[in-house]
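From the two separate chains plus the hints, produce the assembled complex.
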Amino acid sequence: MVAILALLAIIAVIAVVDIGLKIEKKTKSDIKMSLPEFGPGVGIVRVEGAIEMSGTGSPFGVPRGAEAVIKRLSEIERDSSIKAVVLRINSPGGTVAATQEIYEKLWKLRKKNIILVASMGDVAASGGYYIASACNFIVANYGTITGSIGVIAYSPNLKRLFDKFGIQMNVIKSGKYKDILATHRDMTPEERSLLQEMIDLSYNKFIRDIALGRNMNQEDIRPIADGRVMNGETALKNKLIDQLGTFEDAILKAKELAALDADAPVYEQNDSPFQEILGSIKNIFQGEMGLGSELFHNTDKIEYRYMQ
Amino acid sequence: MILETIKSLRWTDFFLYAITDPRELYRRIRQKDPDPFALSFIIPAVASLFDILVLSLAGKETGFFYYKMSYGWILVFIYAVFKIVIYSSLVDVTAQFFGYKGNIREMLTIANFSIFPGIFLLPVFYLFAVIDFAPGFFYVFFSILFFIWYVMIFVQGISEMHSIDFGKSFVIFILPALFIGIVVFLITVLLVITGIGFITA
Chain G
16 MVAILALLAI IAVIAVVDIG LKIEKKTKSD IKMSLPEFGP GVGIVRVEGA
66 IEMSGTGSPF GVPRGAEAVI KRLSEIERDS SIKAVVLRIN SPGGTVAATQ
116 EIYEKLWKLR KKNIILVASM GDVAASGGYY IASACNFIVA NYGTITGSIG
166 VIAYSPNLKR LFDKFGIQMN VIKSGKYKDI LATHRDMTPE ERSLLQEMID
216 LSYNKFIRDI ALGRNMNQED IRPIADGRVM NGETALKNKL IDQLGTFEDA
266 ILKAKELAAL DADAPVYEQN DSPFQEILGS IKNIFQGEMG LGSELFHNTD
316 KIEYRYMQ
Chain B
17 MILETIKSLR WTDFFLYAIT DPRELYRRIR QKDPDPFALS FIIPAVASLF
67 DILVLSLAGK ETGFFYYKMS YGWILVFIYA VFKIVIYSSL VDVTAQFFGY
117 KGNIREMLTI ANFSIFPGIF LLPVFYLFAV IDFAPGFFYV FFSILFFIWY
167 VMIFVQGISE MHSIDFGKSF VIFILPALFI GIVVFLITVL LVITGIGFIT
217 A
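Top to bottom, those sequences are chains G and B.
Taking this note's numbering, I'd label the letters of the first sequence as residues 16 to 323.
Taking this note's numbering, I'd label the letters of the second sequence as residues 17 to 217.
For reference, chain B alone in the conformation it holds in the complex (with noise of 0.2 Å):
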């Protein structure tokens, strides 16, 4: 069954339609024809080892690449599930806040393939790096482009998942970024002044 399904290629629309076609993804998701939701999580598994490999070739090589290819890299792929699956469940938690019928796996599905255009960062950053063009500034502009893809991806996820528009799923996109945003600044206040205090003390 699974391998008749690896043959038939369907999986790969998953991957085109995040790219292309958001929305449709998102249809897709929702068919579950295949079901896409492990195999979603193969993209931060390559994600996490293609950010290994950029930042590699971005910095200075060291023998310490060859341990960040082994457990580093399986530490990266935890954190990067762990990061997805936080920030999912806040995303999911904001829009049944709003009325909307929670639904924390097919959300996972869509953050999941929502990181997908982040892997391209490493084609297009090997480029410049190779003909030594900028790289640093290139690694920085691409992440940017990248992560606004992935952006726009996610909040047109929301948007088709919900029913609702654009504008709408940003809003349930972005607060629980505010969120996370103003208790990691009252924490480094209030830790900042712990520690002025206790130092001078």
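Only chain G is shown next, with the shape it has when bound in the complex (with noise of 0.2 Å):
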């Protein structure tokens, strides 16, 4: 028995030699230990998919949409070791108030002399362009999705179809306006015109704003403030982005607007796997599987959104 014993002693260490010869072998940087970073450093925030503010419906108060993405700001405020920030977008737009309150905040981080670089990924347009605005530098893609500056506001006018089926609407309403943009009639001019002049207030900010970001004339955005979308190749040539390169090149730009070290830590949005499996499973029982699904969620709202 002793030599049973010996023998499972012996083969013990054996083991342990074998796989630690194992670990020796990789490379130093396969065997990186995770430990805790700290020191100055770039903070990364996302903005991924349509902006809308949803903060309230999140399992356990979880913010989401606009909503997390102001938290995650605030967070980095609060943080005296961020010295810079990197926007990651990869965004269609979305509502007008959401996309404002995010353009605000990274104003205040701004002004706080907290560095900004927006880093576009596939689609960074309309309302996903507006914030990226409000950054000191902006980068991108070649084959970025980004411009359609405008605002959009829709509705199915469904009234032919009601009528085929025989179908009336019962509307008691306190104000001629109350039933704006209602589905089962046509939009009387009056109608039209009202929310017509709401699109054009909204338009006008964003162009003012986009002109505040990125410090030029509004009358040199105009002309390319149509609702084209373009290509960041194109972007650029418009000067509605400062350089064409990856995620990693606007973490590297954001390092050095920031006076800091290449090697400096990247402080990476990090949601608890307990609240990404909870935002999954509410993602999967109401039908939100990504930025597609949403396209039909948006009637009656009034936008800063890529249609596409």
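Rather than coming from a laboratory, the hints here were simulated on the basis of the structure.
Please read all numbers here as calculations on a predicted model, not as lab measurements.
Even for Gly, the Cβ is constructed at its ideal location relative to N, Cα and C.
Mixed in with the good hints, there may be bad ones.
Which residues of chain G face chain B? A partial, calculated answer using Cβ under 7 Å [claimed, not checked]:
id	residue
1	25
2	26
3	28
4	30
5	34
Restraint ranges, calculated between C-beta atoms of paired labels, are given here [as the list claims (entries may be wrong)]:
id	chain 1	residue 1	chain 2	residue 2	range
6	G	233	B	206	17 to 27 Å
7	G	232	B	216	47 to 57 Å
8	G	241	B	209	48 to 58 Å
9	B	206	G	190	25 to 35 Å
10	B	208	G	284	22 to 32 Å
11	B	146	G	94	45 to 55 Å
12	G	22	B	150	19 to 29 Å
Below, the structure is given as structure tokens:
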């Protein structure tokens, strides 16, 4: 029995040495210990999907949508070790109010001399570009879809469909505009004019804010602010962005602008696994599987959004 | 005294009988010559260490291995002892429920020695890992095999302890597992229902 026990001990020692040698064979980066980083660095903020205020509907009160972005920006504002922010945008835009809230929050950080660099992913159009314009520097890929500067509101006109099926709506309203954008009837010229005025005001605000963020004249922006989309290369020619490059290039630029070392830590936006699981479950139950599925949720909203 | 006991090598009999004759093992435990209670806790400690080694051999080695070998091993050991204490207590309570005399100290000792064969998973698995012949399959296969062996030792120990047949001692052994299973199942169902209700609200 002693021999068996001794043999077991020897096998255990061999196993420890074997595993240790396998680890040693690997490159230094492969066995990098995940020690917490500290010191002045760059914070990452991610804006993914349609920009909407959807904070209260989240499980256990965890903010989502624009509120989550603003919460992350507030954390960065309080964190003295974050000297620069890379705003990773992959969004076709969203509602006017939510977009403006993020824009204003970014401006607040910019005024506090925190360097802001926007990095555009697949899409950073309309409201996605709006928030990018609040940054000191914008980096986009060649193939990024951006631009789409404009405001949109729409609703389907189902009057003829209703007539065909003999459906009539009973509407009791307190004012003549209370059922503006109603789907069961044609829009009146007064209603169209009222909405157009609202759209124009939001559009002008959009142009003013871009001009402010990009340090450009409004007159230089208006010719290309007709809702057109463009890729990164065209956006660079039109001075809507500052550089063509990747997310990593944006991080390096942020470090450079904030006078940080090239190996300064990058503080990633980390949702806890618990939050991610709950978020995924909620999305499955609500059928929110991606950007595309949200396209038809936005009736009766005025949006800075690129309609795909 | 302790040194003399160690030199006598009588303590190795417990390990030998654990794998060859579990009924004789219990008789030796009852004789307390030497008292194997403290010695028996070496087994979960070694088993925890060997578990970590097996998992490290089975998986992708990372720098985390060194952490696992230090505080990770202590945590696994504490968890293993916790499981043994809880389960032995439940088995002892079940035995008392059937009218037998409880003895948690002896029950714990039997439980500890029962996991001794599980230690052999390391050399057996190591062999298949070295020759790279379906190590994943043999890990699962031998884990099941050693678990059955563990159950056999534990049940025979209970049988000898209360002088009852194998079937009755198996019932005493399995009832706490069924109880825990039902409780965990009900808790899971309740948590899932509550969670889905809360998320979809």
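| Which numbered hints turn out to be false for this structure? | 1, 3, 6 and 9
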